[in-house]
Structure formats: C-alpha cells, structure tokens
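With these hints in hand, go ahead and build the complete structure from the sequences.
Number of protein chains: 2
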Amino acid sequence: MVTIKDVAREANVSVATVSRVLNGSGPVSAETQRRIREIAGRLRYVPHGGARSLITSRTEILGVLLPDLYGEFFSEVIRGLDETAQRHGFHLIISRSHASKHGIETAMRAMRGRVDGVVAMSPDLDEESLTNVPSTLPLVLLCSVSRGDALDSLTIDNCRGARAMVKHLISLGHQRVAIIKGAPRNYDAAERLRGYRLGLKDAGIKPERALELEGGFTEAGGYAAALQLLGLAERPTAIFAANDSMAIGALSALRESGVQVPGQMAVAGFDDIPLARYMDPPLSTVRVSICDLGARAVEMLLNGITSKNEHRRKREQVATEVVIRSSCGAQSVERPPPSTTNSDLH
Amino acid sequence: MVTIKDVAREANVSVATVSRVLNGSGPVSAETQRRIREIAGRLRYVPHGGARSLITSRTEILGVLLPDLYGEFFSEVIRGLDETAQRHGFHLIISRSHASKHGIETAMRAMRGRVDGVVAMSPDLDEESLTNVPSTLPLVLLCSVSRGDALDSLTIDNCRGARAMVKHLISLGHQRVAIIKGAPRNYDAAERLRGYRLGLKDAGIKPERALELEGGFTEAGGYAAALQLLGLAERPTAIFAANDSMAIGALSALRESGVQVPGQMAVAGFDDIPLARYMDPPLSTVRVSICDLGARAVEMLLNGITSKNEHRRKREQVATEVVIRSSCGAQSVERPPPSTTNSDLH
DNA sequence: TTGTATGCGTTATCAT
DNA sequence: ATGATAACGCATACAA
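Protein chains in written order, with our numbering: chain F, 1396 to 1741; chain D, 1396 to 1741.
Heads up, some of the hints might be wrong.
Pairs count within a copy or across copies, as identical chains cannot be separated in the list.
Pairs of lysine to any residue, SDA-like flavour, derived with a Cα cap of 25 Å [unchecked claim]: (1) K1601 / V1713; (2) K1562 / T1412; (3) K1400 / T1501; (4) K1596 / R1430; (5) K1709 / E1500; (6) K1596 / A1505; (7) K1400 / S1492; (8) K1400 / E1500; (9) K1709 / Q1570; (10) K1562 / K1596; (11) K1601 / P1669; (12) K1601 / R1447.
Worth flagging that the hints you see were computed from the coordinates, not collected in a lab.
Structure representation (structure tokens):
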C-alpha cells in the first residue's frame, strides 16, 4: 500500500510538503507542487482515512442506526440521508440495531472513533437506553423521542396528518370512524392515535374504545382488525389505518367479506407507500416524504457537529399531506399514471 | 474523550496491560483484570476504532457501492449484506455512486483506509472503470461483470430464469411471445434477453426482432412498449417483461386498451417485487431472493479478505424461481395472503 | 505478570 | 518555501 512517505521519497521532498500540496495548506512552489501531484497520481496514492482522522479527529463519516425494518421506508430514508451527506462530503455507515436489548447505546459504542455523529431511529417508546445516551457524540433522533429535551430530534408530523385525514373523512359525512392502531409502544403509532382522537374531538365526536383496534402495523394485523370491526353491533362507516400496510390488509378483509369500498366502508391509510395507488380501489392516505426526512436529519446532525458546544437542541417535524384517492369515497383526484421513475431492479 | 491512557492511569497500570485485558491477549492476573474491567466500564471506555485499525490494518468495515436505485431492491440487498456482515462482526459503509462519471474507481479511492473490502454494483455494461480497478482492495462485483475474470463476481441467474419463464409461456400454448427488454447496456437486461431467445430456440421458435421492444426497465417504458405491441399486424399472445415494473406498465396499457389479461394476452415479469402479487390480475414472475444476493456477496468478500493472496477468483450466481400467478393464464397456485412480515414504516 | 518503547499514516507545529 | 518532529490512540515485540 502506497503511503505519503512513498510519494515524498519519489519526489525528493519531505512528507510535510506532500501533505501541504494535497491539502492546499501552506505555501509550496509551483514547480514542486506540479511534481508532487504528478507523482501522487502516477503512484495512485490515496491518503489513509483512518490515519488522517486520528489527528484531525474528523472522520467525515456519519453513523446511521436503524431498527430492523423492511421495505420502502428503509430505502427512502437512506436515500435522503446519503444524498445530503454526500453533498457535504460525508459518507454513511449503516447499522441495523437488530433487536438487541442494549439498543442504541451498544451500537453507539461500536461507532466511537469511526463517525463524527449519529442519526438514530428508535421508535420504541420505552426504550430506556434513550434516556442515558452519552452525549459525547452529536446525535439526532429520528421518529423517536427522548425524555427531556437534551437531544436533537426529527419526527414526522403524525398528529397533524392523522387529524387532517380524520377531518376529511368526517367532512365526507362519516360519523363513526374507526382506527386501526399501530404497534403499541411505537412513537409514530401513539402520535397518529392522538391525531385521530383530536380529529374526532374537533368535530364534537366522542372517541369510542370499541372503535380503536390494534393492528401492530402489519398487513395481517390490519386484516384481523377489519374483520373485528365488521363484527361490531354498530359498525363504523370509515376506517383510518395508522399505516398503509394495515389499510391494505383491511382492504383484503373487506373484499373477502363482500363489503364495498368506499360504498359501504371508507378506508384510509398513512405513509403513501408505492403500493397504495395500486390498490383496488386506490388507497387514500397521508403522504410523508421519507426522503426529506433523511435529508433534514443529516442537516440537523451536520449542524450539531459544526456548532458542537454552543449548539441549542432542537425538535423539528416534517410535514404531511393528505392524498385523496378513491378508497375514502371522495372524488378521486389522482389516477395512476405510469411512473417514469419507478423501476425496480435497475 | 476517554482513552486507554485514562483507564491505565486510573488503574495504576500501563496501557499495555489494559490493552491485554481488553483484547484477551497475553496473561494478566485475575485481580488486575477485574479491576481494569471495572474501571473501563465505569469510565465508559471504548477503543478508538480508527486508531486501532491503523495498527491492526483491519477496520472490520465493508464498503458497499450501489448505483442510484430505488425501491425494494435497494433495501433488500442492504438487509442481506448487513445481516451477514454483522454476524461476522463487520459494519457496512454505504455509498451510492451517484451517477458520477468516474464510477467505481473514485468511490474506491474514497474508501481506502476505511474498509477491508468492497461490494460494488455497476450494472452498466460498458463502464470502463471496471476494467482497471486496482485490486489493492478485496472486491466483489454484484450484478455486474468485468472483462476477464480477474474479479470475484456474483450475479443473478437471469438467463436461466428468463428461459424457464418463456418455456412456461410456450407450454401454455403461446407461439408468439414478445419481450420488453431492459435498459440497453444493463447486464441483467442483456442476460434476460439471452434467456428469452434461448427459451424460444428450445421450442424451435425463431426470434423476431419486431417482438423485441425496449422498455428501459421503467413502468412508463413497459406501458409504451405494450401499446406498440398491440399495434402490430401480427400481435403476440404473450408478453414477457424483463422486470416487474415494465410488466406493471404493460398491464396498465392492456387494461386501458380493453385487452383481457390473461385471456387475450398473457403477461409475465421478473424480480417478484412486492407489488407483483397485488396486481390485477396478480403477476406471474421470476422470483429472485435479493436478500440472499446480499448475504452471499458478503460471504464471498469475507472469504477474499481472509484468504487474501492464495485466493482464487470466483464467479457465482444466485438461483431464480418461476412464480405462477394469474397473469400468464395458468392456474393460479398462489393467492395473496395477508403478509405478516410486510409492514411499511415500522 | 507487567512495563517500556516503537510504529501504524497522517497532519500540525516549529524551526530553518 | 521546506524540513524535522511531535502527536493522534492503540497494539505489540521486547525487556524486566
């Protein structure tokens, strides 16, 4: 492996001079400069990142801690993170926290000396490790919330989104709106439930526990919950699922039960995953720009890294948008056009 | 930041002893050992990865270079990579190659001194950077192929998969089977085309250029190609799309043109993305386990890292599987059950 | 069983 | 404008 010494020897200069040329620090004669660049290029010299960061104490790498999640969300958030990171000259090191008990703390230990900061997602509400993360490393919490406000955090505006969707359903004439809730101790789930209840309250409708079922954020959970709702003495006329997967499960259950959507039952979801617009009928949902979420998280983190000490902790949220398709019974504004960006493998 | 020196001072021993205890190298008295562990724990000491790798010349990090791709493939391959990497005590540093001209080479430079090896995906066929990658770093090519066989590579068994699907279509009685091809210079696209032609040849059918249209791997491309096929004087009775996105686009075109699927036109795709089973009718396709792809890539790389010199370059392929649903006109074997693993956001 | 000293590849400081 | 050298945090060969 060719080091700075090799370049220096070949050019008959000291390593200091080579370093100066390659980093543009300090004055070097034009001729020497030219010679060194030429040699470095010819030798294919590349500075050793580890060694460099040892002395600069900057790695230009950002750590990303994600829970063990599947699908579109995962890739979109990474896309957003990576794009912004690269624009600032940073790379991403990714680690799934892989359901280990210790959670974030262990993972953050493993990252020490390897990264300049961490974006961590830990949506489990009573994850205690969030309370005592050593703030030695700049950290941004994603879709999670810590007790106290010692940490930067970026979340989806779940509450407002859910509230808006419920309002929309009610404006369509629905008085009995059920919710299929997300995983019990999940932050996003809790917030969406809160938004749902506020939405009802706004319209003077009293929430009923019987209309609040749990679906665990999975398709199967949504399916089961929908079935249960159909069995109710007083059926709801609309179902708001706390994510699209559950809404899709509900759609299956309704179809198999011969219940017309939206005719006999309106359905809405949350997230706007790509599948949503392909459902039959196309699913009304609350869109959140996952990509933006990632981008803004990196921006917050970079901010925390550069300001370091005099940094004021912030809490931010990314906005959501109600997307009306046919499943809720309103006029469908959107019809599925062949997407030009969606290609799966390539 | 607490270093090994801090621990040593606190424990009244030399840094060497601390190092020995923490790495289990060399003999240390039980008592000292206990004391050091206790102190290291209390001080929350964590070895500095960069410094350590400087001397051990191992980072325990694997680099991953991916093209700018969307969706499910991206997340699945990362999942496979990460799972296997973590099982071997490695982390992943991910970089999307972001359409820069220089391609792999630049990215690999940036990784020097940061990783022990690289998994790179560069499906563009005439990417010249693939010919002269400096083999200073263990490298596994994913879904790509290099001139010569100097490099390890892992690809999807595109050809066999396409061939099997075409055979299936023909067994259903189709004599005129069209293909919607993928991006012109894409490796997977080229192989799937080859498999298609072989499949025809197996049945003694002569390939017709008029039945080989290009869809660029996008949904819109599939849509346009299907329309064009419908305009043909001698229409095909079956369409094999080189990926699911294009098949889905074709499905839209057929529906809008009032062509019954599979009655008047059979359709099949490739990849088995999650959307596939939700189509109307559910899409027959060729399944490939992306997750496995990632897992095996890491295994190959780790292999190359440990064997280093006496390492023989290998080319491997991951198998595919024909998945019969309704869109091709055979009896549908599979019906969409509510998936228990598919949850989008959480 | 433990300590001392060297070096990993780089940047930064201080000379010259 | 350039060179010598210390320092970054750690592991390890060698000495004790």
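To see whether the hints hold, each was checked on the structure:
1. K1601 / V1713: neither (29 Å within a copy, 56 Å between copies)
2. K1562 / T1412: Result: close neither inside a copy nor across copies, 67 Å intra and 66 Å inter.
3. K1400 / T1501: between (37 Å within a copy, 22 Å between copies)
4. K1596 / R1430: Neither way: K1596 and R1430 sit 74 Å apart in one copy and 60 Å across, limit 25 Å.
5. K1709 / E1500: within (21 Å within a copy, 39 Å between copies)
6. K1596 / A1505: Classified as neither: same-chain Cα gap 46 Å, cross-chain 55 Å, threshold 25 Å.
7. K1400 / S1492: Result: close neither inside a copy nor across copies, 40 Å intra and 30 Å inter.
8. K1400 / E1500: Between. Shortest inter-copy distance 23 Å satisfies the 25 Å Cα cut-off; intra-copy 39 Å does not.
9. K1709 / Q1570: Close neither inside one copy (38 Å) nor across copies (65 Å); limit 25 Å.
10. K1562 / K1596: within (10 Å within a copy, 60 Å between copies)
11. K1601 / P1669: neither (33 Å within a copy, 38 Å between copies)
12. K1601 / R1447: Cα proximity of K1601 and R1447: none, with 62 Å in one copy and 61 Å across.
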